[in-house]
Structure formats: C-alpha cells, structure tokens
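With the hints as a guide, dock the two chains, each given alone in a separate frame, to form the complex.
Chains H and W supply the protein sequences, listed in that same order.
This note's numbering applies: residue -3 is where the first sequence begins, and numbers increase by one.
This note's numbering applies: residue 27 is where the second sequence begins, and numbers increase by one.
No lab work stands behind these hints: they were computed from the structure.
Using N, Cα and C, we set each Cβ at its ideal position, and we do this for glycine too.
Among the hints, erroneous ones may be present.
[Stated by the list, open to error] Here are some chain H residues pointing at chain W (derived, C-beta under 10 Å):
1. 3
2. 72
3. 88
4. 90
5. 94
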Amino acid sequence: MLEQIERELVVDAPPEEVWDVVTSSGWLAAEVQFDLVPGGDASFTCEEWSKRGWVEEADAPTRLTFWWAGDGEPATRVELTLDPEGEGHTRLRLVEARVLDMLDVVGIPLAGRSTSSHGPAMLVAA
Amino acid sequence: MTTGGDADAVFGALADPTRRALLSRVAAGPTTATQLAGSLPISRQAVVKHLGALHHAGLLERERAGREVRYRVTPAPLSDAVSWIVEVGAQWDERLASLARGLAAGDPARVQR
Chain H
-3 MLEQIERELV VDAPPEEVWD VVTSSGWLAA EVQFDLVPGG DASFTCEEWS
47 KRGWVEEADA PTRLTFWWAG DGEPATRVEL TLDPEGEGHT RLRLVEARVL
97 DMLDVVGIPL AGRSTSSHGP AMLVAA
Chain W
27 MTTGGDADAV FGALADPTRR ALLSRVAAGP TTATQLAGSL PISRQAVVKH
77 LGALHHAGLL ERERAGREVR YRVTPAPLSD AVSWIVEVGA QWDERLASLA
127 RGLAAGDPAR VQR
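The following block holds chain W by itself, in its conformation from the complex (with noise of 0.2 Å):
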C-alpha cells in the first residue's frame, strides 16, 4: 500500500458507495467540498464527513484555498488493487443505477449504459 493509511482503513473508506463516489469525482480534478456537494445529493457537511475518511485512509490530500480546502487525490498511486476496485466498482454502480432506472420506467429497451 502506497497511500500511508493501511490497508483496513483503505477498505474500510471504499466500502461506502458515498465515498467511492465522491473519490472518482475528485480524482477527476482537484475540488472543494462546496463543488461536491452541489453535484450531489448530500449535504456539504455529510460530503466532509466523507472526505475526512477518505483523508485519514490516505487515499486524498488537503490543501486550502482561500477561505475552502480543496481536495486533491493522493498523488502517491492507489494500489493496484485499490485502483482496481474503485474504476472497476464505479462502472458496476453505473450499470446497477441505469439497470434500476431502466426497469422502473418498465421499459427494458431504456437501459443504455
């Protein structure tokens, strides 16, 4: 493990779809908890709640700006494993999200990916 947290609290950060969401977004590019939280449907003191275990795991890093911290992936690489789990586990959200989309409108032919 390269990230400094160990590999519990690695696990531990990732078994939230929360956080697996929030990590794919800021691994997009730097951000704040302000931008996050607009973009999702939680509020901004549950998305720092978020982002505080994602820290203390390793897996992001803080920095302020101006009167915000914004949150930037740890620049260290994710484990492969790791990695492995949160690009790959992040595809099946999307298909398990666009699945449950797709048959509640009770129409199989709308579930695109």
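So that you can see chain H by itself, here it is in the shape it has in the complex (with noise of 0.2 Å):
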C-alpha cells in the first residue's frame, strides 16, 4: 500500500505570493528555515513538534519537494506543487509520502536522529 496524503487547493493569490507564504516561517511550523538548494539543509520548530529535513528540489514559484524527519521518526517526502490558475490564482497541490519501504529496498540510510547529511545519498540513489 502506498501510504501517502494528497491534497488540492486553489487560492486567491498569485503562485510568487503562495510560494513566499509556504517557505516562511509560520505556515509549515512556527519557524522554517529552508535553504532552497538541492541539498539544502530544513529545519522545522513548532511549540509542540520539531523536524529536521534537507531540500530535494526548489524551483521557485512552481515547485517545491523536501525531506523532514521528527526525532526518531522515519523520513517523509513532501511534495508542493504550485500552477497559475485563472488571473491571480494558485493551484496548490501537496502530496507528503512515506516512502521508507522503497528507500530500505535501496539501503539508504534514513534521516531520523540525525541530521541532513542523508540527503544528498537519498538523492544520488533515486
């Protein structure tokens, strides 16, 4: 079974805004820092929960794709997705996924305690 969530949204903004508001703190966790490379490092802090995680892919407006992991917790790949929609919409579409299954079948290790220095490794074997 493919264990993933999805979802779709359209809102009133342009895609530039929409991708300003989902890669700053406040949306995904209280405080986001995202260093929008490939490869680059995430961190994620709420009162009540903390992830890190590392960036697969950042193009800005349209597409946004990241590893997060809570302590302990097997990783999870989160996929946004951001197309124009009619004058100043944005079609937003998430789908996170649990993909450990895939990713012991290629014995990657998985971030969890430790910190980003997977995510280079994940993304050379995919």
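Here's what the structure looks like:
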C-alpha cells in the first residue's frame, strides 16, 4: 500500500505570493528555515514538535520537494506544486509520502535522529 | 488492519475531509452526533451519515447514552498507516485552511498556524 496524503487547493493569490508564504516561518511550522537549493538544510520548529530535513528540489515559484523527519521518526517526502490558475490564483497540490519501504530496499540510511547528511546520498540513489 | 473493517473500507471512509474532521474530534473524547453537529457547519443528519460510514469501516464504536448514541474511537489501535494518514492529514488540512484564510485576507503576514 502506498502511504501518502494528497491535498489540492486553489487560493486567491498568484504563485509568487503563495511561494513566499509556504516557504516562510508560520506555515509549515512556527519557525521554518530553508536553504532552498538541492541538498540544502531545512528545519521546522513549533511548540509541539520539531523536524529536520533537506531540500530535494526548489524551483520557485512552482515546485518544492523536501524531506523531513521528527526525532526517531521515519523521513517522509513532501512535494508542493504551485500552478497558476486563472488570473491571480494558484492551484496548490500537496503530496506527503512515506517511502520508507522503498528506501530500505535500496539500502539508504534514513534521516531520523541524525541531521541532513543523508540528503545528497538519497538524491544520488533516486 | 486491527479495526475489523477491510483496508478499502477504511481508506474509503477517510477519503472524505468531513469524515476525517469528525474522526479527529471523536478521537479527542467520546461524543454524540448532536454535540458534533453543534461544532461543525453541517447538519446533525449529515453528521450521523458520516459517523455511520466511519462505524462501518470499523473506526468508531457506538454505545447508548440515554436517548442518544455516543461514539468513540475503536479501542483497538488504528493501524500505523491509518493513524499517520489521519494525524498528518489533519495537520495539512489546518495549514491549507490557514493559507486560504490568510491569502484571501490579502496579507500573507496573517497566515499563522
């Protein structure tokens, strides 16, 4: 079974504006830090939880793919796609997937307690 | 799957955003259709229908409470996959709702979790 969450939403703002919001602090988590280049570090901090991760792909303002994981949790892959919709609107698509089994098959260590050092290795393996 | 419903019934039941919202609310504590309808913008009749689907999928149990039926989350733990989809899905629903609210208001700074 492919474990993934999919959502889609049209918002009343152009992709550039949506991109700014979804990559800034306050949306994914209260405190968000993104190094928006492939392999770049990412960290997400809220009162209730925190996660670390890395960027797989960042193509402003249309596509952001990153991995994140809480302490000791399996990493998941998040894909955000922003498409212009009509004038001044954006269709935002979101997919978060647990691809743990797939990664186990290819023998790649998973980000869990550790930091982002697995990022580029995962990229190469994919 | 530990819920008694088969996987298709479970995922079918969780495909609907209203049902996911209802399930998270019931997970917070046993409650009735009337109480749920009071806190959501849908009719009691619609709530009953959605609760029926969640019950059918084996996710909720019912018990008599006076003249009403009280719902609680099935005590057998939800499978890991289902609980991940429900919990993480609910977080995304909140984020998307806040995004829609914030951008509709025309001020990205107002988008808050």
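Okay, the hints, checked on the actual structure:
1. 3: holds, 5 Å
2. 72: Cβ of residue 72/H sits 8 Å from chain W, so the hint holds.
3. 88: At about 7 Å, which falls below the 10 Å cut-off, the nearest Cβ of chain W leaves the hint on residue 88/H intact, so it holds.
4. 90: holds, 6 Å
5. 94: holds, 7 Å
Comparing the model with each numbered hint stated earlier shows that all of them hold.
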